[in-house]
Structures are given as C-alpha cells and as structure tokens.
Amino acid sequence: MTNSTKEELASWYDQMLVIRGTEKAAYDLFMTGLVKGTTHLASGHEAVAVGASAALKPEDYVWATYRGHHHAMARGLSPEACLAELMSKETGACRGKGGSMHLTSAANNMMGSYAIIGSHIPMAVGSAWSAVLRKTDQVSIAFFGDGATNIGAFHEAINLAAVWKLPVIFICENNLYMEYTPISAVTAVQHPAADRAAAYSLPRIVIDGNDVLVVRDEVAKAVALARAGGGPSVIECLTYRHYGHSRADPAKYRPEGELEEWMMRDPLKVLRARLVESGVSEDEITGIENAVDAVVKEAIERAKDAPLSDISEAFTDVWADGGMQWRN
Amino acid sequence: MTNSTKEELASWYDQMLVIRGTEKAAYDLFMTGLVKGTTHLASGHEAVAVGASAALKPEDYVWATYRGHHHAMARGLSPEACLAELMSKETGACRGKGGSMHLTSAANNMMGSYAIIGSHIPMAVGSAWSAVLRKTDQVSIAFFGDGATNIGAFHEAINLAAVWKLPVIFICENNLYMEYTPISAVTAVQHPAADRAAAYSLPRIVIDGNDVLVVRDEVAKAVALARAGGGPSVIECLTYRHYGHSRADPAKYRPEGELEEWMMRDPLKVLRARLVESGVSEDEITGIENAVDAVVKEAIERAKDAPLSDISEAFTDVWADGGMQWRN
Amino acid sequence: MAELITYREAVAEGIARELRRDPSVVCIGEDIGAGEGVFKTTAGLFAEFGPTRIWDTPISEQAIVGAAMGAAMTGVRPIAEIMFSDFLACCWDFIANEMPKVRYMTGGQVSVPMVVRTANGGGLGFGAQHSQAVENWALTVPGLIVVAPSTPSDVIGLMASAVRSDDPVIFFEHKALFATKGEPAPAGHVVPLGKANVCREGTDITLVGLAWSMPIILEAAELLAAEGISAEVIDLRCLVPLDAACVLESVAKTSRIIIVEENPFQGGWGGTLASIVADEGFHDLDAPVKRLAGASVPAPFAKHLEDQVLPSVGATVDLARRLVGG
Amino acid sequence: MAELITYREAVAEGIARELRRDPSVVCIGEDIGAGEGVFKTTAGLFAEFGPTRIWDTPISEQAIVGAAMGAAMTGVRPIAEIMFSDFLACCWDFIANEMPKVRYMTGGQVSVPMVVRTANGGGLGFGAQHSQAVENWALTVPGLIVVAPSTPSDVIGLMASAVRSDDPVIFFEHKALFATKGEPAPAGHVVPLGKANVCREGTDITLVGLAWSMPIILEAAELLAAEGISAEVIDLRCLVPLDAACVLESVAKTSRIIIVEENPFQGGWGGTLASIVADEGFHDLDAPVKRLAGASVPAPFAKHLEDQVLPSVGATVDLARRLVGG
Ligand SMILES: Cc1ncc(C[n+]2csc(CCOP(=O)(O)OP(=O)(O)O)c2C)c(N)n1
Ligand SMILES: Cc1ncc(C[n+]2csc(CCOP(=O)(O)OP(=O)(O)O)c2C)c(N)n1
Ligand SMILES: [Mg+2]
Ligand SMILES: [Mg+2]
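Chains as they are written, first to last, in UniProt numbering: chain A, 1 to 328; chain B, 1 to 328; chain C, 1 to 326; chain D, 1 to 326.
Derived from the structure by calculation, the hints contain no laboratory data. A virtual CB, placed ideally from N, CA and C, is assigned to each residue, including glycine. Be a bit skeptical, because a hint or two may be false.
Said to hold, decoys possible - Calculated lysine-lysine pairs in the DSSO-like style (CA-CA distance at most 30 angstroms, straight line):
1. A:K304 x C:K181
2. C:K195 x C:K181
3. C:K40 x A:K24
4. B:K24 x D:K303
5. A:K297 x A:K269
6. A:K252 x A:K135
7. A:K269 x A:K252
8. D:K303 x D:K195
9. A:K252 x A:K57
10. C:K40 x C:K253
11. A:K297 x A:K221
12. C:K195 x A:K297
13. B:K269 x B:K252
14. B:K221 x B:K165
15. B:K304 x D:K181
16. A:K165 x D:K40
17. C:K195 x A:K252
18. C:K303 x B:K165
19. D:K181 x D:K40
20. D:K253 x B:K24
21. A:K165 x B:K165
22. B:K252 x D:K40
23. C:K40 x A:K252
24. C:K195 x C:K303
25. B:K252 x B:K221
26. B:K221 x B:K297
27. C:K303 x A:K24
28. B:K24 x B:K304
29. B:K297 x D:K181
30. D:K195 x B:K252
31. A:K252 x A:K6
32. B:K165 x A:K252
Stated by the list, open to error - Which residues of chain C face chain D? A few of them, derived with a C-beta cut under 8 angstroms, are:
33. F39
34. A43
35. G44
36. C90
37. K101
38. G108
39. T140
40. V240
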C-alpha cells in the first residue's frame with residue numbers, strides 16, 4: 001500500500017463524512033415528505049467513490065448509476081445542489097428535472113447517473129474513446145453494481161474497450177445484493193465482475209471496497225495503466241449498503257447479523273482508525289466531524305429555502321435551442 | 001474418439017452431401033433469379049450440423065441462425081421443402097413467408113432460424129427450461145457464429161443457463177469471420193466462445209468442427225451431461241465457410257490461400273477419408289454420391305414445379321386464429 | 001358487497017388464479033419470488049407456488065423474455081415480468097422482432113403463448129427513465145396483443161384472457177393505479193381481449209382512454225355532467241385488438257371526441273385511433289378530432305413539473321366544454 | 001447537367017463531406033471500414049480517412065450506440081451505423097431511453113450531438129427481421145430528430161444538417177432507394193431539418209409521404225394528372241421536426257389528403273399526422289382523412305407476398321380518384 005499524507009487522509013474523511021451526512025439528510029427529508037419519488041442511498045459505499053476520485057484528475061470522466069450521490073459529491077457536487085435536486089428546487093444540480101437517479105455534474109466531468117442497469121457502461125467506453133480521438137490523456141470510470149454484470153451491455157462494453165485498448169476503468173461496487181435478491185443466487189461465478197474479466201483478457205482484481213486507501217491505490221494503478229495506453233481494467237470492490245435498496249425497502253432479506261458485521265467495517269470507521277494511527281488527534285478528528293455537521297446543516301437549510309424550480313422548466317431543454325418544439 | 005459403425009459414417013456422409021448439394025442448388029438458383037432476397041450458405045459447416053444432430057434424440061430442440069439450412073436439413077427438413085421455401089413456393093417449409101433466413105421445421109423440433117444475431121440463444125435456454133418444467137429429458141442446442149459472442153444476449157443467456165443448470169448446449173461455429181471482418185479484429189480473446197465459458201464457470205472446449213466424428217463425440221458428452229442434470233456446455237467448433245457471407249459477398253477480404261487451405265480440410269473430404277479407412281469401398285461411396293445427386297436433382301425439379309404460395313398467405317398467421325385482424 | 005381490493009392485489013390475484021388453474025403457467029422475473037416484486041404485485045405467489053413456478057432471475061431482460069419465448073414455444077405458458085415498462089427497451093428485439101413474428105415467419109408452425117407484464121406510466125416522480133407510458137411502442141408492432149387495464153376486476157379478467165391467449169401479450173399495469181381500489185372479481189372472471197368498456201353513457205361528446213386516463217376521464221365526465229354536458233366514456237382496455245367499432249358507434253351518437261392518452265402526443269396511440277375516426281367516422285363528426293396527450297418531453301423528476309406534462313381533469317373539462325360549445 | 005448519382009453514393013458522399021469539414025466527426029459501425037458497409041454506403045471512406053476516423057466494431061449494437069453517445073457527450077461528433085433498422089431494437093434502450101433524455105434530465109448540462117444512420121424498410125425480400133420500416137418507432141420518442149430522405153441530394157443535404165445538429169438524429173436510409181438515381185448535390189449543400197419539400201403543386205388533393213413512399217406518390221400524381229386530377233405532393237423529409245404547417249397549408253388549398261406510409265397502419269407515423277390534420281385542419285376538409293399504410297403483418301419473405309402488404313401506386317391512384325370523385 002502506498003503512503004498517504006495525514007492531509008490526504010483527513011480530506012477523504014471529510015468528503016466521506018459529507019456524503020454520509022448528506023445521504024442521512026436525504027433519508028430524513030424523505031421521511032418528512034420533502035423529498036419525493038425514490039432514492040437509493042449509498043451509505044456504506046463512500047470509500048469506493050472517494051478512493052477512486054482521489055486517483056483522478058479533474059478532467060477525467062466519471063459515470064454512475066441511480067445510486068450515485070456519492071460519486072457526484074466525490075467529484076465536487078455540493079451537498080446543497082444534491083439535496084436541492086432531491087427536493088425539486090431550482091438550485092438543484094439538474095433544476096429538479098433529473099432527481100436522485102440522474103444526478104449530474106458536468107462541470108466536474110461527472111457525466112451523469114443512469115437508472116437503467118448497464119446503460120452507462122458503454123457510455124464510459126465512449127468517453128474513453130473520445131479521449132483517444134481527441135488525443136487527451138483523460139481516463140473514464142464507470143461505477144456499477146454487482147447486478148449490472150449480468151446484463152448484456154456490460155459485456156459488449158468491456159469487449160469493445162479491451163479490443164480498442166481504451167482508457168476506461170470498470171469499477172464494480174459489489175454489495176452482495178441486487179434489489180432484494182442476493183447476487184450469488186443469480187450469477188454463475190463467485191465474483192460477478194472480476195471473474196468475467198478474463199473473458200476480455202483482463203486480470204482478476206478483487207479488493208476491499210471499504211478501505212479508501214486500498215481503493216485509491218488500486219484505481220491509481222489502473223489509471224496509470226490507462227494513461228500509458230495499456231487499456232482498461234476491471235476492479236471489483238467488496239462493500240455493503242447500510243440502508244435497503246431504495247426508500248421502499250426494509251431489507252428483511254438480509255440474514256441476521258450481516259448488517260452488524262458490515263457496520264463494524266464501515267468505511268468511516270476504517271478510515272477513522274487510519275487517521276488515529278497516522279497520528280491525527282481525537283480533537284482534530286472531532287473538529288472535522290463538527291465542521292462537516294455544520295456544512296451539511298447549512299446545505300439542508302439552503303436547499304429547503306430555495307424556491308421550487310419554475311414550472312416552465314417542464315418544457316425546456318429537450319432540444320439544443322432550449323425548447324421543446326417538435327413541429328411547427 | 002468413440003467408434004462409429006460404417007453405417008453411421010455412411011449416413012452422415014449422405015446427409016452432408018445432401019446439404020452440400022442443396023446449398024449448391026440454392027446458389028445456382030439464385031444466380032438464375034429463381035431464388036430472391038438473400039441467402040447465407042453454410043457449405044463447409046456441414047460437419048457441425050450433422051455431427052451435433054447425430055448426438056440428439058428426435059424430441060430434442062435445435063435453434064439456428066440465418067445461416068441455418070444445414071441445421072434444418074440435418075434435423076430432417078427435406079431438400080425440397082428447403083429449396084421451395086427459397087423459391088417462395090407453397091410447398092416451402094414456411095410457405096414462402098420465412099425464407100432462407102427463417103427456415104423452421106417444428107415437426108422436427110427444429111424451432112427456427114433467427115436473423116438477428118444472438119436472439120435465439122436465450123430462446124434455446126427457454127426450451128431447456130421448458131424441459132425442466134415439463135420434466136422431460138429433452139436437450140436444447142443453440143447454434144451460432146463467432147460474431148454472436150460479442151452481443152449481450154449471448155452472455156445473458158449463458159449466465160442464466162449456468163445458474164439454473166439447464167440442459168442446453170451452446171455450439172459456436174467459429175468460421176473466423178463475421179460478415180467481412182475477421183472475428184479476431186474485434187474480440188478480446190482468441191476463442192470467442194470457449195474463452196468466455198469460464199465467465200460462467202463452464203469448461204473451455206475447442207474442437208475441430210470439420211470432423212463430423214469429433215463433433216458427434218463432443219456433443220454427445222455434453223448431451224449426456226445435460227440429460228444427467230449437469231447443466232449447460234459451450235462448444236466452439238473451428239470451421240470455415242466456403243462461399244462469401246451472403247450472395248452479395250465475393251469474400252475478397254480473405255488472405256490468399258486461406259480458402260484453399262481450408263478446402264483441403266473440407267468436412268466432406270475428411271469424412272470420405274474416414275469412410276475409406278473404415279473399409280467402405282469406392283463403389284459404395286460413389287453409390288451414395290450418385291444417389292444423393294439424384295435426390296437433390298429431384299428436389300430441385302419438384303420445388304421448381306410447385307406453385308408460388310397463394311397471395312392470401314400474406315395476410316394469414318399473424319394470430320392464433322389464423323388471421324391478421326387487429327381491430328374490428 | 002364484497003370488500004374492495006387494490007389494483008396491486010388484483011395483479012397478484014389474477015396471476016394466482018391462472019397458476020392454480022393451469023400447471024403449465026409459470027412466472028419469471030427479477031425479485032418476483034421471496035421479494036414479491038418491487039411493486040408487491042407478486043405478493044403471495046412464492047409462498048403458494050414455490051420456486052418451481054416462480055423463478056427469480058438475474059438482471060437480464062433479454063434472457064428473461066427470450067427464455068420465456070423459448071418456453072412458450074415448447075409447451076409452457078410463461079408470465080414474464082419486466083419491472084418497469086421503460087426496460088422493455090432493454091429487450092425490445094425480443095418484444096418487437098421475435099415474439100410477434102414467429103408464428104407468421106414460420107408459416108404458422110409455431111405459437112408463442114406468453115405474457116410480458118410490466119409496470120407502466122408516470123405520476124410517481126420516478127423521473128425520465130422510470131415513468132414512461134410506452135403502450136404506444138407496443139402498438140407499433142403487428143402481432144402483439146396490447147392490454148392496459150384500469151380497474152382491479154379488469155386486471156383479473158384480462159389477466160385470465162392474456163394467459164390463456166395463444167398469442168403473445170404485453171400487459172401494462174399502471175404504477176399510479178396500484179394503490180387504487182375497486183370491486184373484486186368473481187370467481188372465473190374473464191374479460192375478453194379487445195372489448196372496450198362503455199363506463200358511462202352520454203350523448204354530447206365521447207371521451208376515450210385507457211388505464212391511467214380513466215380516473216381522469218371519469219372525473220371530467222362527472223364535472224361536465226354538472227354543467228349539463230353529457231359525456232360518453234369509453235375505456236379501451238386493449239390497444240390490440242382495438243375495439244374501434246365501439247368508438248365509432250359512440251361518435252356516431254355524440255359527433256365529438258377527445259382521446260385522452262398519457263403517452264407523448266408524437267407517435268401516441270391516440271394518433272392511430274384519431275386517424276380511424278377521422279376516416280371512418282368523418283361524416284359523423286361535428287367538431288375537430290381532439291387528443292389530449294402527454295407533452296413531447298421526457299418525464300421530469302419533480303412532481304410539480306411532472307404534473308405539467310400529463311393530461312389533467314381540468315384540461316379535459318376545458319376542452320370538452322369548448323368542443324361542445326363551439 | 002452534372003451526372004446523376006445514386007442514393008447509395010449520396011450516403012457515402014454526404015458522410016465524406018462532413019468528415020472533411022469537421023475533424024471531430026468519426027464513423028463507427030459493423031463492417032463499415034475496409035468492408036465499406038454491407039450496402040456499400042461507406043464506400044471510399046476508409047481509403048480516404050483511415051482507421052482513426054472509420055472504426056469497425058464487433059456485433060455489439062449497444063456498445064456501438066452507447067460508445068457513440070459517450071463520445072458525443074465529450075466533444076466528438078460520431079456517426080454510428082446500425083446495419084438494418086430492425087436492429088435498432090437491439091440497442092433500443094440507448095435510442096429511446098438514453099440519447100434523447102440526457103439533455104433534459106441533466107437540466108441542459110449535457111448535449112448529445114450524434115447521428116445514428118440505418119438502412120430502413122422493405123421491398124428487397126429480406127423477410128420479417130430485415131425489412132421493417134421503423135421510423136414510427138423513433139417518432140414515439142421525444143428528443144430524437146427523425147430524418148428519412150427520398151433523393152440523393154436530400155441525403156447529402158440532410159446528412160450535413162444531421163451531423164451539425166447538436167441534438168441526436170436517427171437517419172433512415174431506405175434500402176429500396178439505394179439504387180435509385182438523382183441530381184447530385186452542389187458543394188456546401190445543406191437541407192434544413194424539419195422543412196418539407198413540396199415536390200409538386202396541385203389543387204385537388206394532397207399526397208404526403210417520405211422516403212420510399214415518394215416514388216410511389218410521384219408516379220401516382222403523374223397518373224392522376226393524366227385523368228385531370230391535380231395532386232399536391234409533399235415529401236416530409238423529417239418526422240421530427242415535423243413540418244405540419246406545410247401539410248395544413250396544402251390541405252387548406254386541396255381539402256383532401258392521403259398519407260402514404262410504409263410502416264404498419266397500427267402505430268404508424270401517419271396516425272400522428274392524420275390526427276393533426278383532423279384537428280387543426282378539420283374545417284378545411286371535404287373528405288375523410290385517408291392513410292395508405294403497410295399492412296399490420298410482419299414482412300413476408302416472398303417478393304410476391306411482400307408486394308401485397310405495401311402501399312402501391314395503384315392503390316394510391318384508386319383512393320385519390322374515389323376521394324376526389326366522392
Ligand atoms: C435494465 C434494468 N433492469 C432492472 C432494473 C431495476 N433495478 C434497479 S436497481 C436494481 C438492482 C441493481 O443491483 P446492483 O447492480 O447490484 O446495484 P446496487 O443497487 O446494489 O447498487 C434493479 C434490478 C433497472 N433499473 N434496469
Ligand atoms: C444484431 C445484429 N447485428 C448485425 C447483424 C448483421 N449480420 C448478419 S450476419 C453477421 C455476421 C455474423 O457473424 P457470425 O456470428 O460469425 O456468423 P457467420 O455469418 O459467420 O455464420 C452480421 C453482422 C445482424 N443480423 N444482427
Ligand atoms: Mg448490488
Ligand atoms: Mg462467423
């Protein structure tokens with residue numbers, strides 16, 4: 001494992017706490033009726049998002065799923081823009097037109113969240129192809145779940161990336177479940193992503209997705225390979241979601257004790273321990289925690305205070321001219 | 001390699017010759033304008049169809065692609081019904097409504113030829129699932145090309161079959177090319193089907209697809225496994241198509257000498273040598289050849305003589321009641 | 001009167017009745033087993049019928065529909081669930097190019113008796129990729145039966161017909177109706193495919209819809225009645241077979257029609273119906289043929305925006321009033 | 001007069017012009033490189049532009065369109081080929097749910113400037129899965145530009161507009177027109193999207209179509225002229241943007257309309273157009289709104305059967321005669 005400075009560790013802790021706090025806020029706001037529709041929280045997955053983003057440059061591209069709050073925020077979307085989007089506010093990342101499942105922050109090259117399983121994986125291959133065509137050294141990442149490894153688009157995308165040796169990294173967040181069904185019940189191999197890599201002449205990589213440092217290091221290797229023209233990588237990160245699949249899911253299908261076991265390996269706990277180990281004092285850590293609390297609280301208030309997006313928004317942005325006219 | 005009786009070898013030779021002769025007729029009829037649309041000839045692939053069919057019982061299911069004349073005939077479709085279909089005659093297998101790309105012989109449990117790459121592979125999984133549901137010991141085979149291994153449906157199908165341990169055999173006819181592009185140029189592994197099997201916890205099987213005995217033996221093993229509840233197999237057969245991809249293709253993309261090399265390993269030559277080896281006399285062999293010639297000639301004449309299918313056929317068989325009414 | 005049941009319960013009940021009746025019926029889909037479906041529309045099935053009748057799958061829409069097809073062609077009657085109708089796009093080759101063409105292209109050799117059920121439509125704030133009404137997609141494909149019920153008892157009666165049909169059926173269950181309640185269906189309840197329901201008789205104007213449109217139309221008719229405008233209300237129930245005769249008969253009486261559809265105006269099913277009325281019913285018409293359809297935009301996430309892009313009771317009443325007045 | 005060129009040549013020429021003009025334009029598809037496309041519609045491109053502009057792919061329609069999308073969203077202008085339009089079904093999720101919704105659901109943050117070109121339609125005896133006219137599928141999806149040219153110079157002029165558009169375009173090239181010939185296009189030829197072409201002026205009846213319908217309609221108009229019936233002929237060129245104003249203006253003059261479309265009647269694009277005419281043009285109409293569309297059946301393989309299920313010159317003339325007469 002490479003070394004990381006205290007400052008790096010602290011900044012990751014900060015980011016992961018912000019994500020955790022913002023998602024907790026989203027959950028609470030849902031319960032009070034201020035967030036509508038549906039949300040898929042990523043609490044428990046933060047180390048994947050933050051670790052991977054730490055290995056990227058700002059100009060690199062990231063593509064996510066409906067469970068993408070953590071990826072958007074790890075790339076720079078503010079908690080306020082996230083929460084405002086969930087509350088259909090005009091200050092939301094997509095002005096209320098996208099919602100939780102479609103968070104996008106193009107300014108941060110976070111190219112969007114896609115709610116149909118597998119669909120964004122070829123898109124990530126496309127932005128990698130684009131970098132080759134435009135002769136930049138940008139790398140692309142597609143984040144996806146274990147369940148996405150059984151849909152056709154996943155395979156088509158990896159094969160094309162491997163054949164064209166494109167700078168793209170396929171990062172699977174294996175959290176053991178699809179919606180309510182264990183991935184092991186419907187997959188012919190143990191490691192749904194890693195055990196498929198060989199089908200595209202790529203190495204099998206399975207890592208601890210709850211340790212931000214492990215994730216950063218492995219992704220950094222893949223990024224270096226990709227920038228050097230060495231082609232794609234598949235990285236399977238083992239992790240766990242703390243909430244149910246979506247707000248409608250009490251997650252009763254989990255065997256007893258499973259959640260508790262994973263909570264002991266909560267990525268925030270793991271990182272906190274690292275901070276202590278690297279000599280950061282309890283005071284400093286509490287300082288970060290309190291600061292994040294304040295940041296999230298302010299984000300909540302600002303998002304609440306913002307006006308709903310204007311109803312005219314329903315009829316804009318279909319076409320490049322900003323409008324929705326399909327006939328004269 | 002298991003033993004085969006002279007009679008078996010002779011009957012395979014007969015079948016393969018009938019297929020070869022019928023396709024030659026299709027080609028000639030195309031050139032004289034009697035066959036229209038398009039055709040994809042399988043000359044060179046006969047050993048796969050005949051060898052695999054030899055390992056099946058009549059109640060087993062077979063699913064093929066637009067390049068499926070050989071599979072239909074190996075399962076029992078008559079040359080006349082094949083040629084009549086290509087000539088749009090009322091005696092055609094599908095009364096002129098299917099054509100070359102959709103040859104079907106349901107009476108022989110040859111469940112059809114499908115012209116969209118990959119689409120029939122999940123269907124074969126479905127007929128295997130059906131056998132399990134109905135508690136029969138029927139096995140299903142999907143035949144497909146090397147090019148089909150890069151489309152999503154292929155992967156979805158194999159995974160499902162492997163998870164459910166279904167009695168289905170995925171047989172790839174690797175003839176080195178898609179339409180005009182070599183499969184090696186667009187695939188991240190050397191063996192497009194076999195090198196993907198491990199992604200579904202299945203063994204890697206690559207065989208000589210031009211030796212009918214090798215094919216029969218390998219498929220027989222897979223059939224036995226499937227009937228015993230052991231689940232699916234993937235078998236990659238190395239073979240070569242003698243004509244271009246379709247009637248429009250002069251196949252100029254082939255490197256010099258490649259066709260000639262493969263013609264030396266023409267499955268008919270290979271089998272003829274085996275016949276001689278097993279003690280069948282030249283006279284007997286010539287006898288078979290002449291008999292087949294006569295059969296094919298008669299099929300051509302009968303197909304030519306048959307009337308075009310009635311124009312009312314255009315408007316039947318959309319619905320189970322035989323008609324096409326979608327509104328009152 | 002028996003207790004009312006929800007549309008959601010009716011789905012599970014309709015399936016259960018067919019599973020009980022015919023051992024060749026099986027279910028296949030994502031999270032439909034112990035999970036009972038993300039909309040709880042398969043509640044109780046796994047408990048009653050177990051894993052040999054209710055099959056949980058990977059996220060593989062092509063394999064789901066393709067495998068169901070292969071089974072349907074070989075002696076089984078599968079009911080496949082595609083969780084959201086938007087995902088029909090992920091297996092559209094099977095829906096559009098395979099299932100509906102097999103009988104025809106084999107010259108009648110092979111039947112494909114299967115049902116694809118799917119949660120359709122908007123109104124729940126699920127955003128652009130989980131809110132579409134795509135029954136018009138299915139209408140574009142000859143060879144598909146297209147069912148879209150609006151009440152619990154129709155769900156049960158049409159499910160019976162769908163499962164028993166020897167033709168492939170796309171069965172649209174409406175997400176925004178799952179929680180609505182209605183009369184339960186008597187034992188053995190079967191609603192024939194292609195028979196529209198005249199929910200309310202009237203003389204001044206014909207209002208036609210299906211599924212989600214129906215509560216809107218019925219409420220509009222009620223409001224119009226209060227103003228002295230007598231609306232005839234038709235629930236098509238199916239797009240294929242289309243009960244065009246029922247609509248034409250109604251227009252012969254009322255001379256005016258509004259078609260209320262959720263799918264976007266462009267390519268919406270109302271276009272096909274309107275074109276039939278504007279042709280075969282032309283001489284009966286006293287006013288322009290009107291369609292109230294979804295706006296030609298993707299579904300916005302925000303509820304207050306989504307409300308803007310869907311037909312409403314108010315818009316229906318306004319238009320009817322103008323049509324009858326003018 | 002310059003030499004005539006084929007529609008097939010026009011496709012390659014139209015693409016080549018854009019590749020020359022803008023270095024960010026690239027092509028992606030199956031067998032489009034050294035193979036020059038199965039319809040030879042990319043002839044010469046690989047020779048002129050080489051493998052850094054013309055990319056051969058595996059048989060992976062989802063990866064083709066998905067990768068093109070990702071590239072389009074990040075500074076490239078891809079032209080993706082889907083060999084036969086039937087195969088749009090294999091990547092329908094990308095066509096229907098992704099490409100057309102990105103701009104909207106990101107609140108305008110991201111553009112998807114790309115073209116999906118595809119060989120559409122029947123008439124060549126390719127059977128049920130290689131003969132469909134599916135421009136109506138594309139019409140069902142808000143957010144897609146839908147182009148379907150009928151002449152070589154329109155192919156070139158509309159290709160220019162399609163490639164330069166910042167919105168996603170589905171560009172339907174008609175298989176049965178590839179061998180037809182027409183005027184070449186001058187340098188810099190650009191035909192704007194959404195502008196119908198009045199190919200022939202007339203006063204008695206309006207005949208509307210696009211792509212494959214046009215030769216049929218033009219021949220019918222010629223025959224009708226010989227009988228003293230003056231038909232106005234409109235080539236829509238695009239379904240989206242739809243030049244409805246052009247059609248309505250024409251109907252205001254002629255009072256009669258026949259829409260001739262290749263796709264099946266059920267869910268065909270003519271339904272949408274007919275519904276607009278039956279609404280906004282209602283008071284101009286002296287006769288029922290007529291549609292001549294493909295039969296609601298899969299495409300039969302046999303040429304003599306396929307001829308039965310497609311609109312014909314004879315049927316167009318007959319119907320026009322009856323409409324004007326009656
Ligand atoms: C094509 C498609 N099929 C089904 C769904 C419904 N669905 C949404 S999330 C989900 C489970 C995804 O599991 P996984 O990929 O492991 O991601 P996770 O939710 O665990 O992060 C399913 C089946 C979908 N969105 N798209
Ligand atoms: C989904 C889809 N994409 C493209 C095609 C066009 N096409 C027909 S045959 C073919 C090549 C298939 O190659 P392979 O699978 O190796 O089979 P072979 O023709 O060599 O037997 C292609 C690309 C198709 N029919 N379906
Ligand atoms: Mg998961
Ligand atoms: Mg091949």
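Consistency of the hints with the structure:
1. Distance hint between K304 of chain A and K181 of chain C is unfulfilled; the C-alpha atoms sit about 35 angstroms from each other, more than 30 angstroms.
2. Taking the CA atoms of K195 of chain C and K181 of chain C, the gap is near 22 angstroms; set against the 30 angstroms cutoff, the hint holds.
3. Between K40 of chain C and K24 of chain A, the direct Cα distance comes to roughly 26 angstroms. Compliance with the 30 angstroms bound is thereby established for this hinted pair.
4. Under the criterion of a C-alpha separation no larger than 30 angstroms, the hint pairing K24 of chain B with K303 of chain D is consistent with the structure, at around 22 angstroms.
5. Taken as a hint, the K297 of chain A and K269 of chain A pair is honoured in the structure, with Cα atoms around 22 angstroms apart against an allowance of 30 angstroms.
6. For the given pair, K252 of chain A sits about 50 angstroms from K135 of chain A by alpha-carbon distance, which is inconsistent with the 30 angstroms threshold.
7. Distance check on the hinted pair: K269 of chain A and K252 of chain A sit about 25 angstroms apart at the alpha-carbon level, within 30 angstroms; holds.
8. At roughly 34 angstroms between alpha-carbon atoms, K303 of chain D and K195 of chain D are farther apart than 30 angstroms, so this suggested pair is violated.
9. Between K252 of chain A and K57 of chain A, the direct Cα distance comes to roughly 40 angstroms. Violation of the 30 angstroms bound is thereby established for this hinted pair.
10. For the hint pairing K40 of chain C with K253 of chain C, the CA-to-CA distance comes to about 42 angstroms; that exceeds 30 angstroms, so the pair is violated.
11. Simply put, K297 of chain A and K221 of chain A have alpha-carbon atoms about 37 angstroms apart, too far for the 30 angstroms limit, and the pair is violated.
12. The straight-line distance between the Cα atoms of K195 of chain C and K297 of chain A is roughly 57 angstroms, outside the 30 angstroms bound, and the hint therefore fails.
13. Proximity of K269 of chain B to K252 of chain B is assessed by CA-CA distance (about 25 angstroms); at most 30 angstroms being required, the pair is judged to hold.
14. Proximity of K221 of chain B to K165 of chain B is assessed by CA-CA distance (about 16 angstroms); at most 30 angstroms being required, the pair is judged to hold.
15. A distance of roughly 35 angstroms separates the Cα atoms of K304 of chain B and K181 of chain D; the hinted pair therefore is violated under the 30 angstroms criterion.
16. Our distance criterion of 30 angstroms between C-alpha atoms is met by K165 of chain A and K40 of chain D, whose separation comes to about 28 angstroms.
17. Distance hint between K195 of chain C and K252 of chain A is unfulfilled; the C-alpha atoms sit about 42 angstroms from each other, more than 30 angstroms.
18. Using a Cα cut-off of 30 angstroms, the hinted pair K303 of chain C and K165 of chain B is violated, with the two alpha carbons roughly 45 angstroms apart.
19. Straight-line distance between C-alpha atoms of K181 of chain D and K40 of chain D comes to about 15 angstroms, which keeps the hinted pair within the 30 angstroms bound.
20. Only pairs whose Cα atoms come within 30 angstroms are accepted, and K253 of chain D paired with K24 of chain B is rejected, the gap being roughly 59 angstroms.
21. Proposed proximity of K165 of chain A and K165 of chain B is contradicted: the alpha carbons are some 34 angstroms apart, above 30 angstroms.
22. This hinted pair checks out: K252 of chain B and K40 of chain D have alpha carbons roughly 14 angstroms apart, not beyond 30 angstroms.
23. Between K40 of chain C and K252 of chain A the alpha-carbon distance is near 14 angstroms, which keeps this suggested pair within the 30 angstroms criterion.
24. Taking the CA atoms of K195 of chain C and K303 of chain C, the gap is near 34 angstroms; set against the 30 angstroms cutoff, the hint is violated.
25. Among the hinted pairs, K252 of chain B with K221 of chain B is inconsistent with the structure: their alpha-carbon atoms are about 38 angstroms apart, more than 30 angstroms.
26. A threshold of 30 angstroms between alpha carbons decides the hint, and for K221 of chain B with K297 of chain B the separation of about 37 angstroms lies outside it, so the pair is violated.
27. At most 30 angstroms may separate the alpha-carbon atoms for a hinted pair to count; K303 of chain C and K24 of chain A meet this at roughly 22 angstroms.
28. Pair hint K24 of chain B plus K304 of chain B holds up; C-alpha atoms about 15 angstroms apart against a cutoff of 30 angstroms.
29. At roughly 41 angstroms between alpha-carbon atoms, K297 of chain B and K181 of chain D are farther apart than 30 angstroms, so this suggested pair is violated.
30. Distance hint between K195 of chain D and K252 of chain B is unfulfilled; the C-alpha atoms sit about 42 angstroms from each other, more than 30 angstroms.
31. For the suggested pair K252 of chain A and K6 of chain A, the alpha carbons sit about 39 angstroms apart, so the restraint of at most 30 angstroms is broken.
32. Only pairs whose Cα atoms come within 30 angstroms are accepted, and K165 of chain B paired with K252 of chain A is accepted, the gap being roughly 28 angstroms.
33. The criterion of a C-beta within 8 angstroms of any C-beta in chain D is not met by F39 of chain C, whose closest approach is roughly 20 angstroms, and the hint is violated.
34. Interface restraint check for A43 of chain C: the shortest CB-CB distance to chain D comes to about 28 angstroms, outside 8 angstroms, so the restraint is violated.
35. Violation of the interface hint for G44 of chain C is found here, the shortest Cβ-Cβ separation to chain D being roughly 32 angstroms, above the 8 angstroms cut-off.
36. With 8 angstroms as the threshold, the beta carbon of C90 of chain C comes within range of chain D, its nearest partner Cβ sitting at about 5 angstroms, so the hint holds.
37. For K101 of chain C, the interface hint holds, since its Cβ comes within 8 angstroms of a Cβ in chain D; the closest pair sits about 4 angstroms apart.
38. Contact between G108 of chain C and chain D, as hinted, is not supported at the beta carbon level, the nearest pair being about 12 angstroms apart and thus beyond 8 angstroms.
39. The restraint placing T140 of chain C at the interface with chain D holds, with a minimum CB-CB distance near 3 angstroms, inside the 8 angstroms limit.
40. Annotation: interface hint on V240 of chain C holds; nearest CB of chain D at approximately 7 angstroms, less than 8 angstroms.
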